[in-house]
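*Asks:* Here's the letter readout for the chains.
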Amino acid sequence: MFKLIKLEWQKHKISKYIAGAAILIAVLAIFNFAMAFLGIADDSATGVPDMALKHMGISTNVELLTDISFLIFAAVMHATFIISEYKNKTMELMFTYPVSRKKIMLSKIAAVWIFSFVSLAAAKLICYAVVQLGMNFYQNSSFPMDVSLTDPMFYLTTLLKSASTICISFIALFIGMTAKSSKAAIVSSFLLIVLMQGNIGGASLRENIFIPSILTVISLLFAGICVRMAEKKDIT
Amino acid sequence: MKDVLKTSHLTKTVDGKEILSDLNMSVHKGEIYGFLGPNGAGKTTTMKLVTNLWKPTSGEIELFGDKLGPSSHDLLKRMGSMIEFPVFYEELSGEENLKLHCEYMGYYSPDCVGSALDMLDLTGAARQHVKSYSLGMKQRLGIARAVLAKPELLILDEPYNGLDPAGMKKIRDLLKTLCDEYGITILISSHLLSEVENLADTIGIIHHGHMLNELSMQEISEGSLAYIELVTSDVKHTSYILEEKLSVSDFKVMDEGEIRIYDSSISTGTLSRVLSQNNVKIDALKRKNDSLEDYFLKLTAQSEGEGKSYV
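Just so you know, the protein sequences line up as chains A and B, in that order.
Last residue of the first sequence: 598 (the working numbering), numbering continuous.
Last residue of the second sequence: 322 (the working numbering), numbering continuous.
No lab work stands behind these hints: they were computed from the structure.
Where a beta carbon is used, it is the ideal one built from N, C-alpha and C, also for glycine.
It is possible that part of the hints are untrue.
Simulated crosslink set (SDA-like; lysine to any residue; CA at most 20 Å straight-line) [stated by the list, open to error]: (1) A/K449 to B/E101; (2) B/K110 to A/F457; (3) B/K110 to A/V461; (4) A/K595 to B/K263; (5) B/K66 to A/V589; (6) A/K464 to B/K88; (7) A/K594 to B/G27; (8) A/K451 to B/S145; (9) A/K368 to B/E114; (10) A/K451 to B/G27; (11) A/K451 to B/L64; (12) A/K451 to B/S143; (13) B/K88 to A/P460; (14) A/K365 to B/K17; (15) B/K66 to A/K365; (16) A/K449 to B/F96; (17) B/K88 to A/E454; (18) B/K17 to B/G27; (19) B/K110 to A/P460; (20) B/K161 to A/F457; (21) B/K78 to A/K365; (22) A/K375 to B/K88; (23) B/K66 to A/A592.
Covered by chain A, per the in silico footprint, the following chain B stretches (three or more residues, Cβ under 8 Å) [what the hints assert, rightly or not]: (24) 62–75; (25) 110–116; (26) 284–293.
So here's chain A without its partners, still in its complex pose:
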C-alpha cells in the first residue's frame, strides 16, 4: 500500500506540491506575524484590531487561516490526483493493472490526505512558533498568545484538528467526482468553509469535540462512497 502511495506522489510530481506548501506556509506565517505585531489588522483610529471580538487570541487567526488555506490545497490535490485522472483517462490505464480498484482509490486518497495533513500541521505549528518568537522582541501584541507551546495537549489537539480538517476535503472530492469536474471540487471546498463559518474545530469549537468529530465521520463516509463509486462503475 505504501508503495502505491509513493507511486502516486512520484507520478504527480510531489516536489511541485512541496514547493507550493512551503510558500503557502511562509505567507501564512508572515501574515500572522504582521497581524500580531505590525498592526496590519488594527484600526488606525483606535489602535486596536478592528475585527477582533473581545478576548480573541492569536489562535483564532492561525486556525482560521491555515484551515481555509489547506482545505483548498487538499481539494486542488484531489482534483489532480483523482478527478483529472478520470478526465484524461489515465484512470482507465490504472484499472488495467493487477491491483484492485479499491486499493488504487485508497492509495490516491491516502496520498493526498497524508501530504495535506502533514503540511497543515506544520503550518499551524510554524505560525504559532513564529508568533511565540516575536513575543521575545515585541512587547505589545495585537492578539494575546492563547496557546502554550510547552503543553503536550496543544500538540495533540493541533494534530487532531489538522486531521479532521483535511478529512472534510473528502466531501469536496465526492462532489467533484459526481460532477466529473475539478472546478466543482475546488469551488465546493470554498463553500464548505463558508458553510462552517470557518469554524472547523477552530478556537470557538476548541472545547467542543462533538461537532468536529461528527464532521470527520461524515467526511470519512464520503471517502468510502468515492471508493465504492470507483469499484462499481464502468469507466467511459
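Place chain B on chain A using the hints.
*Replies:* Below, chain B without anything else, positioned relative to chain A:
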C-alpha cells in the same frame, strides 16, 4: 490449455442499448487473432470487457482457463493491452511512463524499458515529455508499454492508427516475432484488412455486436472462396450459355461485364471452349481468390440485408 481467451454468450448493454449480444469467441494459444468489424461493431467493447475495464451484463469470459470476475486481478498481470488511443501521464517522459508501468505490473527486469524503447525506435525521445510526442510516437509508446512486461496475451486495439507505412511494417514484424519466438497470443483489431490478412492466423468478424463468423485464414484462402472471373461484353448471352449449356448456376453478375463463377467443378479450359463455340467474345478469363476484403464486405453486407428484412 488450448484457448487463452474464450467468451461465451457475452452481452453488454449500455443505457438500454445492446452493444454486444451473445458473443462467442475463442482465441487459441500462440495464434494471432484478427478481430474485424465496421466502426461501432463492438470490437473495443469486447476488449474492454476482456481487460476487466467494463463488466459484462451477462455471459462469461474465460482467460487462461480461469473465469474472469471483478476481483481476478492476477489474470490482468498476464495481459498487455492498448485499447482505443493510448493514454499516458503527459507531464512525465516516455521512459518514466514505462517505468511506472513496470512498477504497477510488478515486473522487474533490468533494461526492459530500454529494450522496449529501442524496439520501437523511441530511444531518442525517451526523455522528452509525452506531451510533446506526435500521434504516431504515442501509438508506438503504447505498443512498447503493452509488450513491456512480456505478457502471455497481448490485446491491441487499432495499433496502426497514426502510423506511417514504415511504422506499420515495423509493428507487423514485431508482432510476428513476438508470436513466433515468444509464443505470445495476440488479439488485434483493425480496420486495415490487408494488414490483418498478412498477419492473422484466425479472424473473427463482428457486426452490430454479433459474431458473424470465426475462421482461420487458411479456410478463407482455400477452396470455398475461389472463383473464376470472366469479362465479356455480352453478359446476357453469356449467362444464358452458362446456365443452359454448362448447367452452372452458382455465378454472380458484377458490373461492367464481369461475371464471377463460384462453381469449382468447372475448369477454365472447358469454359473458354464452350463459350467460344457459342460465339461469345471473351475479354478476360481468370481464376481468382477472394481477398479478405471481399469476404468481409460480403459477410457484413449479408448481415446488413438480414437486418433490414427483420424490420
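*Asks:* Please go over all the hints and tell whether each is borne out by the structure.
*Replies:* Structure-based check of all given hints:
no. : hint             : in the structure
1   : A/K449 to B/E101 : holds (13 Å)
2   : B/K110 to A/F457 : holds (17 Å)
3   : B/K110 to A/V461 : holds (16 Å)
4   : A/K595 to B/K263 : violated (50 Å)
5   : B/K66 to A/V589  : holds (17 Å)
6   : A/K464 to B/K88  : holds (17 Å)
7   : A/K594 to B/G27  : holds (18 Å)
8   : A/K451 to B/S145 : holds (18 Å)
9   : A/K368 to B/E114 : holds (11 Å)
10  : A/K451 to B/G27  : violated (24 Å)
11  : A/K451 to B/L64  : holds (12 Å)
12  : A/K451 to B/S143 : holds (18 Å)
13  : B/K88 to A/P460  : holds (5 Å)
14  : A/K365 to B/K17  : violated (34 Å)
15  : B/K66 to A/K365  : violated (28 Å)
16  : A/K449 to B/F96  : holds (14 Å)
17  : B/K88 to A/E454  : holds (15 Å)
18  : B/K17 to B/G27   : violated (25 Å)
19  : B/K110 to A/P460 : holds (16 Å)
20  : B/K161 to A/F457 : holds (19 Å)
21  : B/K78 to A/K365  : violated (29 Å)
22  : A/K375 to B/K88  : violated (26 Å)
23  : B/K66 to A/A592  : holds (13 Å)
24  : 62–75            : holds (count 5)
25  : 110–116          : holds (count 4)
26  : 284–293          : violated (count 0)
Comparing the model with each numbered hint stated earlier shows that hints 4, 10, 14, 15, 18, 21, 22, 26 do not hold.
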